[in-house]
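Knowing the structure of chain P, use the given hints to seat chain F on it.
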Amino acid sequence: MNVGVGLPTTTPGATGELLLEWARRADAGPFSSVAVLDRVAYDSFEPFAALAAAAGVTTRVRLATMIAIGPLRPTGLLAKQAASVHGLSGGRLTLGLAVGARTEDYETAGVEHRGRGRKLAEQLAYIRGGVEGDRVGPSRAGIELLVGGLSGQAFSRMARYADGYAHGGGPPRAFASAAARAEAAWRDLGRPGRPRLWGQGYFTFGDVERGNAYLRDYYAFTGGFVERIVAENLTSARAVKDFVRGYEEAGCDELVLFSTTPDVEELERLQEALA
Amino acid sequence: MRVEIVGGGPAGLYLAILLKKAERATEVRVLERNAPDATFGWGVVFSEETLGSLRDADPETHLEITDTFARWNRLDIRFRGRELRSTGHSFSAIARTRLLEILQRRAGGLGVELEFGVEVEALPDADLVAGADGANSVVRRLGEFGTKVEQEGSKYVWFGTDLVFDAFTFIFKETEHGLYNVHAYPYDEQLSTFIVECPLETWLGVRPPDRSEEDTLAFCEQLFARDLRGHELFSNRSLWLDFPKVTNGVWHHGRVVLVGDAAHTAHFSIGSGTKLAMEDSIALANSLVRRGWNVEAALVDYELERAPVVERTQTAASESAAYFGRIASYAHLEPIQFAFNLLTRSGRITHASLGIRDPQFTRSLDAWFGGTPVAPPPAFAPLELRGVRFPSRFSLAASGFVAVSPEGRIAPETPTIDEWTPPDGQVVLQLGHAGRRAACLAPALGRDLPLPDGWPVVAPTPKPYGPFSPTPGEPDEERIHSQFVAAAARAAELGVDVLVLDMAHGYLLGSYLSPLTNLEQDRLRFPLSVLGAVRPVWPRVLAVRLSVTDWHPRGNSVEDGIAIARALAEGGCDLVHVEAGQTVHDDRPEYRRGFLTALSDRVRNEAGVPTLVGGYLTTLDEANTIVGAGRADLVLLDLPEAQIEYRLDPVITQEISGAVR
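Listed in order, the protein sequences are those of chains P and F.
Mapped onto the numbering used here, the consecutive letters of the first sequence carry residue numbers 5 to 279.
Mapped onto the numbering used here, the consecutive letters of the second sequence carry residue numbers 2 to 662.
Extracted from the complex, chain P is given alone in its bound form (with noise of 0.2 Å):
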């Protein structure tokens, strides 16, 4: 199993400069990839401009979307974004794609929040397929396309368009859940080989304080939930090795791990935690 690093995108007090460190020191250490999230409504970077920026300062890592809420843009212009960030870093894009949680979002961005499911299927197509006429450049040929969610339509979707699948995050037994949901839709849909399987958790090793706050407020829409994603919040080198183990059990191929304050000394103790 791999582990990638988040860039703290949508964490409080984040600068340009910071997210770029935490990239150029990403792309040094161990980590296999850097990830972003996707928010509008909320204060933070877009992911296709943050990562189009970490590609200029990494030459090693992938650079993923964990994910994308794809129907918020225009499927010609997602596209468009997809292929040039997978340009500029030299064909390391993998993009994770999905319909998000918030309805606030699709607000903000003046976009229908119903049929978001039929027009992530259709971003999927296109971005995938060779749709006639298609002049969207550059190409797109070898993104990684991972989609994310846990209705059934979400695991039919990933199956039929995509190479993997972008779980959302919980505890190793949550993730072993939906990977054989995934290996299930998988096969149904008669694809050879196995798809490519991604999780993501959170670390604090820091201020703990600080970071569950950011979590509280990211995740206040979950009401009552949030206080779950608090509680697995993993904050000492033990609870990140066991986090680890537990998902490279699971099957997991890919786990990037997001920290919940900007500060670059996370991602020290984070690499001596894995070390």
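Don't take every hint at face value.
Partial chain P-side listing against chain F, Cβ under 7 Å, derived [said to hold, decoys possible]:
1) ALA125
2) ARG132
3) PHE159
4) ARG164
5) ALA180
6) ALA184
7) ARG185
8) ALA189
9) ARG191
10) LEU193
11) ARG195
12) PRO196
13) GLU231
14) ARG232
15) ALA235
Computed beta-carbon distance windows for the label pairs [claimed, not checked]:
16) F:GLU61 <-> P:GLY197: 52 to 60 Å
17) F:VAL310 <-> P:ASN6: 54 to 62 Å
18) F:GLU28 <-> P:ALA113: 47 to 55 Å
19) P:GLU108 <-> F:PRO125: 31 to 39 Å
20) F:ARG555 <-> P:GLY95: 37 to 45 Å
21) F:GLU571 <-> P:PRO142: 55 to 63 Å
22) P:LEU81 <-> F:GLU145: 35 to 43 Å
23) F:GLY455 <-> P:PRO142: 23 to 31 Å
24) P:GLU108 <-> F:LEU201: 39 to 47 Å
25) P:THR239 <-> F:ALA123: 36 to 44 Å
Just so you know, these hints were derived from the structure itself, not from any lab.
Beta carbons are placed, not taken as given, at the ideal position from N, Cα and C, and that holds for glycine.
Positioned in the frame of chain P, the structure of chain F alone reads:
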């Protein structure tokens, strides 16, 4: 710290005891709407596992509870005049009133305030409020927990009897009104619980007398007179009920937390309600202690710990409830298979795990299944079907999609019947026309991605399959008909054992079957005519791959799929390869391990046709359980790549079966 517990059932009382024990200074009050000696229900069941956690949590009550326990390890199944017996199951039960008495006394002794006859109308003021007030919880209604309540399973009525059973006893009784069943178990030296259950359809068909307690009792007493052997049934507000399945999005909200039935119910047929309730109380009390009585942190811990456990139990309970709802379709099974099907209904017991509890039972099943006194497990039993001998139930080599014509290919890489050569082993040839799913990029890239410069596709209605798919033209039925017949004749020359006509997943014949994709009245017309024409040129096993449900609100339901399977069997189909969905690209599939097993079970037992099933089955234990329980006749295993050779090698297969023996 002040704790108010609403509801004086096992969950509430046990929580009160544990909190008071953990910290004497905690003020704990239990508010119960009924009198202390009000009796509801008869006996409650526990498993050995639960008893261990009760002992650790409070040895005093554990001792008292287990002292009065009825314990047994046998499960009897009375069906068609036979009584089948399975051992090694470790049950224990206690009278509900006795359990409450013990808990009330202990709580009182520890200084818990117990108030009876109190109706709660507003949330009490306290540091922590626990809603332990049952499936119709008032506390739950006063907060926001994202509650869902759905009826599940059959109609049921709960009695006591003075007949003391010596095992957990399932009684199945064919009556003039239809099949009824009973769950009965002893709970002390004088009495047993006796629950009568009747599938909703049967109940509505010939409605049993249900106006009063007396009517209901007299009816059931008469129905089961022979099983009761002159003993009486006792009523305790015993009327026909529906079981409410309660789920909650969250179990706590601020300082209010739900425990037991208020938080979740699990159908009584797996007997886990009281067990889950008391385990909730243990987990909640432990969380509070561990978190130094920080209520917010403790409630999160509690929910994190309990939610996954409860969810698994609820899933098993729902499977079990659904099983009892359709028992009539299993009435044709041999008693030993009927019993194994019953034991494995919720997915918690498998062939392998039952073999550990009760090796004699699985030996008897294997022997019956294999037709010899000592036999390997069911998946290793040979099968004879229309002159073809299958050496085992899982050793098939699936061809993948083979097209009847170049236009019928899924992708340029799809072989046509003229290009295809059979692999080694016992081959299942899946023959089809891709219909409106034809002319796509290779499946390695994705599915239903239209091929640039592809060929025209056909379907009964001019609706494209997915985004950017081409609009289908009208099929040349006569031509396609003769292509299927010619391909079948070719397959006969190739020496294939099983020919599967692909009528699933929205390929051409499948798209004829669904109202989503075919507007004609007689949707079976063309598929049946192809089947009828292939039958005479194909001497061996003729199967049909069928999407039993479209997984779509306006598409074929499971009932429709079963009716189609029945029609196909009458039209000459020997075997249904059970699939689901993909008729349209935006269906709502339900993926998980073994996601097709329940559908195969229904097709096999309701349409009375042999079935082949896959659906992400990865172990031989699953194959043994499915085949042994009569849920399918043949199984397609999804083994990891490295093991496929192993599976197909007949010598090694024999060695495996030898080792298992």
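Hints breached by this structure: 5, 17
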